[in-house]
Amino acid sequence: MDNEKTITIEHPSLDILKAHEGEWVALDGDQIIASGNNVTEVRRHARERGHDKVILYLVPSTAGSLAPHTV
1 MDNEKTITIE HPSLDILKAH EGEWVALDGD QIIASGNNVT EVRRHARERG HDKVILYLVP
61 STAGSLAPHT V
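In the UniProt record's numbering, the protein residues as written are 1 to 71.
Worth flagging that the hints you see were computed from the coordinates, not collected in a lab.
Please note that the accuracy of each hint is not assured.
What the hints assert, rightly or not - Simulated restraints on C-beta separations:
1. Glu48 - His20: 16 to 22 Å
2. Asp52 - Lys18: 23 to 29 Å
3. Pro60 - Asp30: 17 to 23 Å
4. Ile55 - Gly22: 14 to 20 Å
5. Lys53 - Asp30: 17 to 23 Å
6. Glu21 - Ile55: 15 to 21 Å
7. Asp52 - Asp15: 23 to 29 Å
8. Val39 - Ala19: 14 to 20 Å
9. Ala19 - Arg49: 17 to 23 Å
10. Arg47 - His20: 14 to 20 Å
11. Gly29 - Leu58: 17 to 23 Å
All C-beta atoms in this analysis are idealised placements derived from N, C-alpha and C, irrespective of residue type, glycine included.
Please construct the entire structure, taking both the sequences and the accompanying hints into account.
Below is the structure:
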């Protein structure tokens with residue numbers, strides 16, 4: 001147990017989501033396709049950009065975890 005190490009892995013998505021706290025976002029990998037306060041508008045904007053099947057996430061105010069919403 002003397003050789004235990006703590007490894008921290010930073011997920012890039014969490015960093016890009018910090019600017020969207022409290023908003024809905026549509027993600028494609030680490031790229032935000034659309035974002036906003038209205039889930040219907042975010043879905044529409046994502047579809048306008050060529051993404052027919054999207055997974056929307058509500059970014060919590062602390063950006064510590066994601067709540068997925070499949071549309």
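Run the structure past the numbered hints and jot down the numbers of the failing ones, going up. none
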